[in-house]
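2 protein chains.
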Amino acid sequence: MADDALVIFTPSGKRGRFAHGTPVLTAARQLGVDLDSVCGGRGICSKCQITPGYGEFPKHGLHVSETALSEWNEVEARYDRIRGLKEGRRLGCQAKIMGDVVIDVPPESQVHRQVIRKAATAQVMIMDPATHAYYVEVAEPDMHEPSGDFQRLEAAMKEQWQIEGLEAYPVLLRRLQPILRKGEWKVTVILYKDHHGKARILDIHPGFWEGRLYGLAIDLGSTTIAAHLCDLRNGNVLASSGLMNPQIRFGEDLMSRVSYAMMNAGGDVEMTKAVRAAINDLATTIATEAGVNPRQIVETVFVCNPVMHHLLLGIDPVELGQAPFALATSESLSIPARDLELDAIHENARLYILPCIAGHVGADCAAVALAEEPNKSEDMVLIVDVGTNAEILLGNKDRVLACSSPTGPAFEGAQISSGQRAAPGAIERVEIDPVTKEPRFRVIGSDLWSTDPGFAEATAQTGITGICGSGIIEVVAEMRMAGLLDPSGLIGSAEQAGTARLVPQGRTHAYVLHDGTATGGPLITVTQGDIRAIQLAKSALYAGARLLMDELQIETVDRIVLAGAFGAHISPKHAMVLGMIPDCPLDKVTSAGNAAGTGARIALCDISARAAIEAEVLRIHKVETAIEPRFQEHFVAANAIPHATAHFPELAKIVTLPDVGFNTSGTEGGRRRRRG
Amino acid sequence: MADDALVIFTPSGKRGRFAHGTPVLTAARQLGVDLDSVCGGRGICSKCQITPGYGEFPKHGLHVSETALSEWNEVEARYDRIRGLKEGRRLGCQAKIMGDVVIDVPPESQVHRQVIRKAATAQVMIMDPATHAYYVEVAEPDMHEPSGDFQRLEAAMKEQWQIEGLEAYPVLLRRLQPILRKGEWKVTVILYKDHHGKARILDIHPGFWEGRLYGLAIDLGSTTIAAHLCDLRNGNVLASSGLMNPQIRFGEDLMSRVSYAMMNAGGDVEMTKAVRAAINDLATTIATEAGVNPRQIVETVFVCNPVMHHLLLGIDPVELGQAPFALATSESLSIPARDLELDAIHENARLYILPCIAGHVGADCAAVALAEEPNKSEDMVLIVDVGTNAEILLGNKDRVLACSSPTGPAFEGAQISSGQRAAPGAIERVEIDPVTKEPRFRVIGSDLWSTDPGFAEATAQTGITGICGSGIIEVVAEMRMAGLLDPSGLIGSAEQAGTARLVPQGRTHAYVLHDGTATGGPLITVTQGDIRAIQLAKSALYAGARLLMDELQIETVDRIVLAGAFGAHISPKHAMVLGMIPDCPLDKVTSAGNAAGTGARIALCDISARAAIEAEVLRIHKVETAIEPRFQEHFVAANAIPHATAHFPELAKIVTLPDVGFNTSGTEGGRRRRRG
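As they're listed, the protein sequences go chains G and H. Once you know that position 351 of the first sequence is 351 in our numbering, the rest is easy, because the numbers rise by one and skip nothing. Once you know that position 476 of the second sequence is 476 in our numbering, the rest is easy, because the numbers rise by one and skip nothing.
Keep in mind the hints are simulated off the structure, nothing from the lab. Model, not experiment: these values are computed from the prediction. A hint or two may mislead.
Because identical chains share one entry, a pair is satisfied inside a single copy or across any pair of copies.
[To be verified] Mimicking DSSO-like on lysine-lysine, the simulated pairs with C-alpha atoms at most 27 Å apart in a straight line are:
(1) Lys198 x Lys588
(2) Lys96 x Lys59
(3) Lys198 x Lys186
(4) Lys198 x Lys158
(5) Lys47 x Lys96
(6) Lys158 x Lys622
(7) Lys193 x Lys86
(8) Lys376 x Lys182
(9) Lys588 x Lys158
(10) Lys182 x Lys86
Start from the sequences, fold in the hints, and give me the full structure.
Given below as structure tokens:
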């Protein structure tokens with residue numbers, strides 16, 4: 001065995017014996033070591049950099065001499081001269097194995113490296129995007145073997161990259177010949193190869209192309225469209241941006257948009273046009289922000305609820321507005337982005353939409369499942385994606401259930417008298433002193449509380465304009481904790497609660513949170529109607545969760561994850577005071593941020609995740625709240641504030657506050673009581 | 001075995017035993033008998049009609065009683081009432097086997113029936129088109145199993161038709177839901193399933209759809225675009241139509257179009273637009289002519305030379321104008337027709353282009369190979385597709401060679417002083433009396449000879465306008481046979497040949513074929529330049545054929561097939577006098593008509609033919625005339641008229657005519673001589 005050498009790769013630990021003179025890249029490929037290469041070992045791309053280790057490796061019983069690899073060659077010297085090679089690095093395709101050696105593959109040389117997907121949780125994902133660049137050398141045409149240029153490109157891809165069955169859009173056939181000749185029969189192929197094995201050429205560049213490939217992960221919500229621009233090589237998010245869904249002018253919530261489509265001929269087409277135009281705008285904006293040419297965006301991944309899904313695809317959503325809520329298609333879709341008129345990006349860019357789980361439980365919920373992986377959880381986890389509709393997942397590695405609950409837009413500040421969207425000037429945090437009943441609050445755009453010095457100056461520009469979703473939850477919960485509400489949700493009178501901030505309003509009362517009228521600003525109050533709207537929303541959310549718990553025959557969950565952009569801002573304490581979520585230790589309630597967006601990003605960066613979620617969606621058991629009588633029961637039973645206390649001792653005191661007096665002071669409360 | 005019965009199907013002869021009560025359609029399917037059904041046995045489509053035979057069948061040792069099939073049922077009675085069922089016919093899905101029986105499947109109930117593809121030769125082809133209608137019953141949506149409508153359609157197609165892996169254009173997903181509901185969950189799917197197993201939905205109709213599906217077989221020539229409109233159920237040609245290729249305004253022949261593309265920026269785009277617009281016009285015209293809605297044309301098959309191929313696809317043909325004549329792509333293409341802006345037909349219609357054989361030997365030659373099948377020929381066959389370029393195939397079941405020969409447009413009447421396209425008024429047949437040297441001729445549009453009574457009246461409307469391709473071949477051959485030309489092609493003087501029809505023209509002579517000047521018509525002559533042009537063209541054609549014969553090391557061929565619209569009009573005798581084609585018994589020279597068009601029609605009607613020609617094209621050995629020194633040798637050697645006589649005894653006399661005198665009478669002839 002004098003002519004071969006032991007080679008150990010780190011961090012994989014893969015090892016094997018190779019003949020002297022074997023290039024490191026060749027050895028890595030034979031062992032299945034994850035070592036990148038775009039040029040296929042021609043010393044052009046420099047992606048296969050490795051770091052040989054010299055000296056003693058007692059763990060492996062190895063002494064590695066300085067002569068274990070061949071000396072620097074001209075290719076490496078040239079690369080170092082022009083680009084600079086890090087100290088200790090070699091090019092894997094140039095360095096040849098001459099003796100026993102330990103070779104480290106640094107993270108940036110790994111194709112399928114793990115990347116942190118969320119800073120907060122340090123969760124990792126594997127980089128394995130569908131689209132890669134491949135450098136190939138194509139045989140020149142020969143009159144004696146008159147195959148087409150495309151067929152010789154196919155043969156080169158097969159021979160040099162073991163990739164077969166290439167497809168190309170006619171538009172690329174049109175450009176192929178001049179590109180091959182310009183590159184002198186060397187070209188870089190941008191290839192989309194999906195998890196079903198389809199290989200489609202998206203672009204061809206003459207010679208070795210050093211450009212980068214980008215993808216957009218898009219969370220297409222009813223209210224906002226949010227996108228991450230990702231570098232497809234390393235998964236880095238270069239920019240994140242969002243804009244309002246322009247469909248809002250056709251209806252605030254999903255059902256009003258479905259109604260618009262039903263009531264107006266061509267209404268769905270209008271909405272489809274509007275959302276596609278917005279996505280094009282967003283793509284251009286986000287690329288410009290990151291200093292990237294939008295034409296280098298070669299992939300898009302969409303997550304969205306079923307109505308947005310249909311409107312994006314140009315499908316009339318009318319069937320989603322009525323039982324049995326049939327989706328036109330539930331499976332994932334992989335199509336050319338230009339089929340949906342997304343023409344701001346690369347002309348051959350691909351578009352992937354995650355599968356929908358059911359007519360009410362969309363690709364956004366599938367994305368949450370992909371990001372949070374309840375199907376891999378040891379403990380029983382409840383995941384709530386709070387938006388206009390709440391998507392709810394419950395389960396663990398044994399079984400996962402899903403449903404959608406019609407919370408309505410109250411949690412987003414709509415249908416609330418002083419409600420508004422989360423925007424500068426909106427009240428987002430509230431505290432009410434249980435003794436004085438005086439409030440303090442914070443508004444978006446400032447870190448100061450309203451009682452802090454300098455608050456007026458800090459908010460002078462934005463003003464104090466209303467209450468956003470998280471603010472409305474806090475203020476209602478705080479009112480309850482301060483004894484301004486009875487358990488049925490009825491607001492007491494000034495006399496009953498002992499504060500002039502409670503003012504009569506019709507036959508009920510309202511709480512004055514902020515009076516800006518003296519300075520020309522609004523009077524911000526919380527009315528009985530607002531309380532009722534929040535009660536309806538939180539009861540719906542709670543009832544959905546309970547329905548899934550019934551299905552699993554459990555009374556408690558081990559942990560709760562609040563997902564959604566709004567979920568990121570909800571205070572778990574207030575959510576529990578309000579009774580939005582089932583009983584659970586407070587420290588087991590976490591926020592997942594925009595989990596749907598994270599799921600989209602994972603699907604963008606890793607095609608195996610696409611396969612995984614497509615399979616998982618078929619396993620998730622769907623529960624339809626609309627036809628389940630127990631949903632109504634839970635809904636009615638969940639009306640009180642709060643209705644579950646075991647894990648929140650402070651609340652035990654609050655529920656002892658008198659509620660007798662309130663019950664007779666207004667017919668509205670009495671009516672509600674009777675119904676309960 | 002009292003409970004089962006022997007069933008024998010004719011004409012297939014397939015037989016088997018089946019339990020009493022088995023529907024005939026079920027028995028046929030189990031035995032693999034080719035019995036049609038669109039509705040899958042629901043008694044809706046009536047495609048599965050059969051004819052039971054009763055009485056004695058001594059050959060099978062069977063006596064079939066009248067009770068061998070169940071009695072007429074209500075479904076059959078209703079069908080007979082409404083549509084009428086032919087005497088003796090039953091519906092195979094309704095009639096149940098009750099005893100031993102012989103069942104005949106009439107041709108119109110066979111899916112893969114053979115149809116005559118050319119009346120002249122009685123050749124047959126199998127009907128097996130890519131696009132079929134399938135009636136399916138789809139499960140209604142269920143909130144408890146919330147799959148999409150498309151997924152339930154997929155499941156139905158799998159269960160009821162064993163077809164999997166359906167793909168649908170987004171545009172169909174858009175229409176799916178209302179169609180399913182309008183059809184009350186019964187729909188007819190128009191499915192394109194190609195020879196690679198791809199299954200793509202082209203359309204969906206509510207309920208059982210009784211419409212017909214049509215296809216266009218298009219021979220896209222440099223000069224004319226010809227199309228057949230075919231019924232995809234039975235292969236019938238409903239209409240055939242053609243129009244001029246509008247690219248003619250960019251250049252008469254292929255190379256001048258390539259030049260136009262090279263010399264004018266965007267020139268290729270102009271030509272692409274022009275030809276696509278013409279194809280849309282042609283599709284509309286031909287459908288209107290046949291009384292068919294062009295939207296029911298769901299498939300198109302194209303055959304064309306490589307330059308037309310590239311211009312149709314929108315590929316700049318510049319590489320085809322210079323060695324090594326590299327095609328952008330040589331394989332067949334199966335794409336949506338709308339990718340090529342063919343929007344006059346069904347919006348989801350498919351387009352199939354046959355593979356090209358080489359940079360000079362296109363999909364049209366592949367189509368000729370498909371129609372004429374030299375690869376299945378026992379004897380050695382030479383197939384010549386005569387056009388602006390001649391495509392030549394030579395071979396038998398052992399081996400087939402192909403080449404293209406640059407005949408130039410002389411055979412089509414171009415570059416001939418009195419030449420014109422084949423159109424009413426053009427001289428197409430010529431005879432010259434060897435004694436008087438007087439001509440008689442026929443023009444397109446009349447069956448009379450110019451010497452017949454009534455000829456003047458018959459041609460009064462069209463006039464006598466020029467000589468078309470077949471006419472020019474005949475007149476040159478006749479001139480030779482009448483002793484007006486010497487073997488080198490030199491025209492003699494009036495004195496030498498003894499006729500005043502030979503007139504001086506510069507330093508050479510011309511033959512006056514028709515003088516219409518007295519009545520305001522043209523003077524139609526055959527000049528020395530015309531003779532030279534025809535000599536060049538015929539030498540090129542002959543040299544190409546010889547080159548292939550050299551490759552096979554043969555001196556003679558067993559038979560010759562003249563293909564092409566022009567080939568259909570060439571008189572074999574004159575072609576041989578001229579020396580266009582190698583030596584061969586005259587009765588072994590046949591015309592195949594528009595074999596390329598026939599090949600297109602076969603590929604349209606039978607997907608197995610597509611697979612066959614794709615495989616065959618890879619086996620055909622291509623010979624490139626442009627780089628083969630022997631081509632030049634053969635070309636020069638073939639200049640004389642004629643140069644091969646063995647099979648045409650009359651010619652033996654002709655070549656004995658004096659040629660000495662001609663050789664000195666004009667410098668042009670002398671020059672030509674020296675070169676030879």
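Violating hint indices (sorted, rising)
1, 7, 8, 9 and 10
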